[in-house]
Each structure stands twice: as structure tokens, then as C-alpha cells.
Amino acid sequence: MRTVERGAPSPTLVRVEDLEVHFPVRRSAFGPKSGVVRAVDGVSFQLRAGDVLGLAGESGSGKTTVARAMLRITDPTGGRVVMDSLDISKLGRAELKRFRRRMQMVYQDPYDSLNPRLKIGTTLEEALMVRGVRPSERTNGVRHLLERVGLSGAYALRYPHELSGGQRQRVSIARALGVEPSVIVCDEAVSSLDVSVRAQILNLLRDLQETERLSLLFISHDLSTLRFIADRVAIMYLGQVVEIGGREDLFDRPLHPYTLALLAAVPEPVPRSQRRPVARLTGEVPSALQPPGGCRFHPRCPIAEDICREVVPELRRKAAGHLAACHLVPDAPPIGVP
Amino acid sequence: MLSSGPELSDRSAVAPESGTRGETPVMLSRWSLLLRSLLHDPPALAGAVVVLVLLIVAVFGSLLAPHNPYTGFGNGLSKIGAPLPPGGRFPLGTDPNGRDVLSRLIFGARISLTIGVAANGIATLIGLLVGLVAGYIGGWVDTVLMRLTDVVMAFPILLFAIALIAVTGPSETNVILVIAFLYWTYVARVIHGMVLSLKEREFVTATRTLGISGRRIMFRHIVPHLVPALIVYFTLGVASTILIEASLSYIGIGVPVPIPSWGQMIAQGQDYYQIAPWLFIFPGIALVATVLAFNLVGDWLRDVLDPTTPQKR
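Taken in sequence, the protein lines are chains A and B. Position 37 (the first sequence) corresponds to 37 in this note's numbering; numbering is contiguous. Position 144 (the second sequence) corresponds to 482 in this note's numbering; numbering is contiguous.
Chain B extracted, bound-state conformation (with noise of 0.2 Å):
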């Protein structure tokens, strides 16, 4: 959605002084010049390879997972009926519903992606226009934004979440809406800091004394400048979405009941934690291994798109 061209960064010190002219060589130099940094950043390559893994199971997971997840099995069950732990036909053990507990886990990673990656699109753009416009006309328009953004961060996010999903009933989208709602402001924040800086930038003070409109200064030559921070507040923002949906969902508001998420699926195994502890500890792995390499991923992002980040390890 938003644009990671090959405008990823324009700075000098990332971007080499080739001797050819033309753009191509600049621009795989600038990936090439990613990747090394990348190379040398092991906690990075970590949460890379995370990160990617998770990326195919959430796509090809139906081709992927050894059961169909909402299957009950009658074999699932231990004589007595209790879960079967992990090994043989199941490799994480089963649920109290005779489930299998990977398939679920693999079925999970799509909600939790698909619900991090829509619920943070949204509100990466709302954010963005929110701050963009407020930042950039200033004045009022500036003033009832950005109090607006206040009054919105103020709400207790699960308070919230509570109430609307009490009316509107639990369902994905509703998730999705309601992280998304929640956490466009941070980005809004974080823009309209921005945008306040870039708008005093002699090139935009000279774009719009040529007479440039107002509209065509913020897209062409405003958003450029915000998008390596846009990508950074996507990801970080994809490990705490998933977060969200996990406590959502354990305290039963989130995905419904069927559908496998790995928060909802904690929350069943608590009840259990005594006599199948895999039930829990699955799902607490996948969730925590999730955040972690999202949060790795976009730690590196920030560093290297913005050599000014005063956060350097």
C-alpha cells in the first residue's frame, strides 16, 4: 500500500557515488547496501527470517498444515478424553476439543498477520493524513486534529474495545476496526511532528513561493520524506497490533470462537495448563517469537533509514 520504492532513502551516506549515470545502478546498490547491513545485523537476520517464515505459512498455511484446524478428531482424545500431547499423528498434541494443535497454530498465523497488516494499514493512513494535514495547514485545522488525537489516545484501548464490540459483535473486521481506530494517532503524532519540520525546509518554503499548490506540495514533496518512517511505524506497529488481537481475543472479544487465533487459543489453554500445558505454551511461543522479530525487524529498519535516530545500539 504505501509506496517502499526504491525512494527508500535518499541519503548521502546511503547512497553510494556511482560514476555511472542513470538510476538502476543506484537503486540496486541501494538494495544491495540494505542487505549487507542487514548481514551484519544478527539480531536483524533473525527477525528477517521470522518474519519471512511467518509471511509463508500465513499464505500457503492450507497447504501447509497436516489437518484441517476445525476438526474435532475422535483419535484426538486420550481414553479418559483428555488432550493428547505432542508427538505421532500429532506433532503439537491436540485440544480438549480433539483438535490438532499445529494446524490451528498455522491457521492462526493468518488471522494474526492478516489482522496486524489490515488494521495497521488503516490506521498507518489514517495517521499519515491526519498529521500530514494538520502539520501542513496549521492553524485550527491544526488545533482540532490534533486534540482530537488526544482525546483519542486517551481512551483505555480495551475499555473501548469492550464497549464497541459489546454492540457491534466480535467478529474480524470489528478487530481490525477497532485496532485501527485505536492506533492511527500514534502515527498522527508522529507525522505531525514531521511535517512540522519538513514544512519550514527552504525547497518546500521555494516550491510554494513558485506557486505550487498546497495539495501537490504534501504528496510530491512532504510524503517522500515520511515514508522510511512510515515503514518503521508499520512493522513496530504489526507486533503490537498482534498483541492486541492476542488480549482481544483471550478475553473473548476478539476473533470468534471457531476461528483460530493464537490469543483465543492461550485462553482455552489456561484452563488446562495443569494436565496439557502445550496448549499454552505453543501459541505463547508463536505469539512471543512473532512481536519479537517484528520488533527486531523494525528496530533495524529505523536504524538504517534514519542514520539520525538518536537510539543507536
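Here chain A stands alone, though its shape is the one from the complex (with noise of 0.2 Å):
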């Protein structure tokens, strides 16, 4: 199922539009506001069901800040994310709590991720315990999520102190299953743990992933991490998507200027003589408080002409199935015309 061609596109899941975070910023606690740090300014994309979005970019380009804007753990000042036929951004608070267990998150450090004073077992029942299962039930079905993500369920009785990394992620994947969700947000999942777990961990993941039916949105700043594991691929700078496509279309046929910067930036085991050379990075990421006019990549960009400084570009269908934000890169024809 995971090929280049797929037929017909299944049905979008999630879709994300215009998502805006903006966190005020305050110099004292009743002060007036002096600044906005524009997190997310403007973020769409759509999640199919049964897909792997990969959601890339540098630190501090926001895609923690969409996983959690997704989730609702932090408010969106704007745009709408939609699933299920629900605004989520709008959910009352029984209303959302009932929406939680269709979305689900795998949090960045496996050591902060768990309650260290429960043992896991009593972690996962919770996830059960909101899913409704019966108490007398409960022992069978935590060992069942343990079973599924591959531990034994003896694992119970441990406290997270007693697991490795892995495990914990193990635990944390399993507790995400627990609520029997349609999406699975990784949040930089396997960025913590080292090369061969990082690995299984994947491995775990696509898996369940394609027995459940599961979509992912998993965030990475690690590109081999999502060439591996992605359908489509989207990459975000200074809080907006610059270019979104498939797997391959991105990774092998990259349009938007700083995609192919960040895809130079990958160490390569062998070096591809056949990728153009691009001009390395520059300066450091505008800040989000300030960031720059016209298109956000200007400052950095080593193509950048002058329209660049001054016209916002838009995300646009550049070729099938592959959009990105850039001046420089013609549009394909519209849908229809040949």
C-alpha cells in the first residue's frame, strides 16, 4: 500500500486551515501587551486516513505548536481544524472530551511522558477507563495494549524507572492505543532514543499503523527519520508550510528554496553527485515576534528576487500532489486543462 501511484487519494481525516497560534507577550504580569509571537501563523494541510504525514522543519518553526493547537492542550487564536465534521478549535469542554480520544499524541521525552509514581499498568488503565471498559476487564486489556506494542505483560507491575527509553515509548504508544484513536500525533517520538531503538520504534509504528488503519502525523526535524516513515511530507518555516508533497515528489523532486537547503543539510552515507549543489544555510532563523515581510524565507533565501520581499507567496499547486510557497516556482497548469 505504500507506493508512489496510489489510486484514488482516501478520504482527508483531519483538515487543518489557517491555523493560527499567536502567544501575546508582556513585559510585566498586567502589563500591556508589546509583542505577539506568531507560533503558527497560517498552517493547512489535510490528513487522509490511513496516511503518514511527516511534519519537518528547524526548532522553533511551530510544529510542536500545531500538534498541540491539533490536540487542544493549546488554544488556536485562529483557522479551524476539522475532523469528524467538528471544528475542534471550537469544542466546549464536554464536547472536547469526548472528541480526545479520536486524536492521540506520543509526547518527545519518554522519561517525562509517564507518571513516575503509577506503574504502568495503572497508566494504562486509564487510557481504558476512559474507552468505558469494565474494571474486571481491565487487567486482561492493559496486557493486551502491552502485547500489541511488543512488551510482556508483566510489564504491569513496573514503574517507568525501571523501563529504558524504548520501553517507555513502548508504554506511551500503547496508552495512545488505549483509547482505540483514528490519528496518532508523534511528537518528535523517536528523536530521543538512539539509532537502533529510534528503529524498532518506527518499525512499531508502521506497523500499527497499517494494521489498525491508524493516520500519523509525526513531527521530526530528522528528514531520514520521515523518508522512512511518511507518505507526504510537509515542511514548515517561521510558523508557515513552505511545501508539502509526497514522499517522493519532496525528498527526490524538492521545489521551495529552503526544502532543498534543509535536504543539503542531510549527511548523506554516499554522496548523490547527481542532487544539485545548493548554497548551505545561512544566519539564523528571524524570530517570531518580528518575523520578516514577504515571503518568510527572504532573508535566507539564496535566490530571493525582489518580489520576494514584498508579496506574501501562497501555498500553490506547483505539480500533482505537491504544493509549495514560492515566487520562483511556476504553478502547474490548473486542474483540467492539459
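Calculated from the structure, these hints are not laboratory results. Please note that a few of the clues may not be correct.
[Said to hold, decoys possible] Simulated crosslink set (SDA-like; lysine to any residue; CA at most 25 Å straight-line):
id : chain 1 : residue 1 : chain 2 : residue 2
1  : A       : 119       : B       : 371
2  : A       : 119       : B       : 566
3  : A       : 97        : B       : 554
4  : A       : 119       : B       : 554
Join these two chains into a complex; the hints should help.
Below you can see the structure in the form of C-alpha cells.
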């Protein structure tokens, strides 16, 4: 099922539209607003059923904030997140609680995402409790969850500090699976693991995704991880999506100069001579307090022109299933016109 | 009251890497580690011994006291009617009413400890609830509760106690209530701060996004992390509470007169300090030793239960 030429794309499960998360900056607790951090500033993408969407970008590009806004850990300040034809960003408390089961998250730090004072079994039982599993059946349910993520049922009696990072991340995944969600957001879920464990967890996630028809939003700063697991990849820069496309399209035919620069920065075991040389990125990511006008990437872009300094580029279709926000990449002809 | 179960500390530093499965060995070694650390800390050990002795005295006081603390003995006064110095039938001497100082001291321990523990128990509980709810819920609830805490904190303690007891009349219960009313603010502040940082931990976020209710998160996930701090504050609080009780009794608005309390004994004794210094010396020593002991134990508990405490000696 992981082919490039897929048939009709599967139906959209989650639609993120113009998502905005702005944080007010105050000098003192009661002081006036002295600025706004535009952590996420108009992000749109769609997560299809049974798909793995990778989300990449440098630190501070807003990847995690997108995820937190989707799960309503942080409240978005604008835009919509639509799932099951509900606008999640506007749900009230009771509705939100009901919705929580549909989308789960696996967190970055396996050492902080499990309560150190609760046994693994107790942590997992909470997930079953949410789903309304009867107390008498929870012990069995916990064992089943642990087995699904490749741990023996005996781990239910352990405390988190008795587990390794990889095992804890498996428990986190089991907890997410416990409420039977349709979407799991993995926020740098493998970044803190060493390479061999990382591969195991990635394989586990991919297996689960295929057998349970889960949709994953996989956030990572590591492009090789995304190349392994993602069906489609979105690249973020300073709170905006600059390019989104199928895995092969994006990695082999990147369009946006930022994506090109990112890919050039990935260390390759075997240098690829066919890749055209790209100037390495210089300078720092500008502040999200005062993002540059026009294209946000223009101060660091090697090919920026006058238009880039003045006009904000839209995310437009540049090839089949491949969108980019750059003035200098020609648009694809409109659909239906040969 | 507050759970002080086996979950005193979960830190890997304290928890041993026991190869055996199951809880019991881990629990046992936690307690034995606590005990071992106590043996290696002489001041804390001394404090713990004093606290233990005090508890025994408070509980079994009526068996230990040589005389009835309320009885004025005819032979408890000298021929000219002055209190007797320590020695003989009255080991710590007698007071101007011919009552045995040692017996009064022993019964006073019960009063002081009862007030210390009860007032602090109430204060810790209120402080925990206020700090927890304010910190976890946040928003205007936080603002209202914490400003209320500030307001109560700003009350001058003695003035407030005088005003309240002037209205309600002196009694043991009123002393407990006054102290509890003033002391919960300190607990609330500390707990509030801890909850603010705990609720940003990923395991709390993870539990919340699971769809678990706020109440369960507060009591199942956050409170267990507060227990070490609560134990420490409770212990330190008992020390300062005993002092406050002594001050209230000293100025005559604490425990009503016939009941022996250390502060009240000191207050009475000061009128006779030239002819009968034992009247204020012995309750004074008891008071200082008790407060010191509770402080030492509290300090030690803080160090043991919270390895991140900066105040290391």
C-alpha cells in the first residue's frame, strides 16, 4: 500500500485550515501587550485516513505548536481544525472530552511522559477507563495493549524508572492506542532514542499504522526519519508550511529553496552526485515576534528576488499533489486543462 | 491524615535498583534507606529522638506525671508561701499555687502537640486544596484564590488572634482555628508554585489529552508529587505553631488558665523570675527543645525527600 502511484487518495480525516497560534508577549503580568509571537501563522494541510504525514522544520518553526493546537493542549487563536465534520478548535469542555479519544499524541520525552509514581498498568488502565472498559476487564486489556506494542504483560507491574527509553516510548504508544484513536500525533517521538531503538519504534509505528489503519502526523526535525515513515511530508518554516507533497516528490524533486537547503544539510552516507549543489543556509531563523515581510524565507534565500521581499507567496499547486509557497517556482497548469 | 505511604519518594536516586520484582523489597529498602540516612545525620537523629520522646510523653502523660497538674499541694509551698525549688518530692519545683511543675510540663506537652498537630493538619489540608485548585485550574480562579491568600497573609497574626479570641473567648479549639486560619497561606503558596510546574509536565498533558477528568488528574497524578513537600511543611509548621500557641498563651489569649500550656507557664513564671527562676526556665527549655527538634527533623526530611533542594548543609 506504500506505493508512489496510489489510486484515488483516501478520504481526508483531519483538515487543518489557516491555523494560527499567536502568543501575546507582556513585559509584566499586568502590563500591556508588547508584541505577538506568531508561532503558527496560517498553516493548512490535510491528513488522509490511513496516511502518515510527516511535518519537518527547524527548531522554532512551530511544528510542536501545530500538534498542541490540534489536540487543544494549546488553544489556537485562529483558523480551524476539522475532524468528523467538527471544528475541534471551537469545542466546549464536554464535547472536547468526548473528542479526545479520536486523536492521541505520543510525546517527545519518554522520561517525562509517564507518571513516575504510577505503575505502567495503572497508567494504561486510565486509557481503558476513558473508553469505558469495565474494571474487571482492565487487567486483560492492559496485557493486550502491552503485547500490541511488543512488551510482555509483566511490565504492567513495573514503574517507569525500571524501563528503558525505548520501552517507555512503547508504553506511551500503548496508552495512545488504549482509547482506540483514529489519529496519533507523534511529536519527535523517536528523537531522544538511540539509533537501533529508534528503528524498532519506527517499525512498530508503521506496523501499527498499517494493521490498525491509523493516521499518523509524524513530527520530526530529522528528514531521514520522515523519509522512512512518511507517505507525505510538509516542511514548515517560521510558523508556515512552505512545501507539502508526496514523499518521493519532496525528497527527490524538492521545489522550495528552503527544502532544498534542508535536504542539502542532511548528512548522506553516500554522496549523491546527481543532486544539484545548493548554497548552505546561512544566518539564523528570524524571530517569530517580527517575521520578515513578503516571503518569510527571503532574508536567507539564495535566489530571492524583489517580489519575495514584498509579496507573501501562497501555498500553490506546483505539480500533481505537490504544493509549495514560492514565487520563483512556476505553478502547475490548472487541473482539467491539459 | 495526609498519606505518608510507601510513595514517600519515587526518585531513582532514592529507589534502589532492586533485581527482585514486586513492591515489598522496594518499599522496605526505601524505609531502611530513610533510617540509614537518619543514622548518618546526628542533629536530625537527636531531633527525631526528642520528637519521639515528646510524642510518648504527650500520649502517656497521665501515667508518667508524678502528680495531678491541677492540684495545689499544701506542702508544695515553703513556710512563707513561696514556690519550692527543684528537688525532693517535686523534681522541677512547684509554682506559686503549689502545683508540681514537672506534671504541668508533661500535661503541657500534650496541649502543645495537640494544638501543633491539629492546627497544622487543618492548615496543610486547606493550603493543599487552595494551592492545588488555584494552580491547576488557573485563570480567574487562580487570581481570586491567590489574592485571597495574600490578603490573609497580610494580617498581623497577634492582632488578628487578639481580635478573634476577644470575640469568641479563649479556648483550645479557638487557638487551633486561629493558627490554622493563618498558617494555610504558606502551604497554599508553596503548593500553588509546585502545581504550576507539575501541570506542565508531559505526563499531566498526556493524561489530560486522554480525556481524564481534572479532578482525577489533580488527586491521582499531582497530589502524590506534593506529599514530600507537605510532610516537610507539616513538620516545620508544627514547630512554629507551638511557638505561636506559646505566644498566645503568654499574652493570655491562648489556652484558658487552669489548663497547663508552656507559653502560659512562662508568662506566669516571669513574675517570679528572681525568686523562682525554675518556673520559666523549664518550660522555656521544653519549648526551645521541641521547636528545635521539629525543625531539625523537618530540615532532614526536606533534604531526604527532595534531592533538588538548594539549601544543602
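To see whether the hints hold, each was checked on the structure:
| no. | hint | verdict |
| --- | --- | --- |
| 1 | A:119 <-> B:371 | 22 Å, holds |
| 2 | A:119 <-> B:566 | 19 Å, holds |
| 3 | A:97 <-> B:554 | 14 Å, holds |
| 4 | A:119 <-> B:554 | 16 Å, holds |
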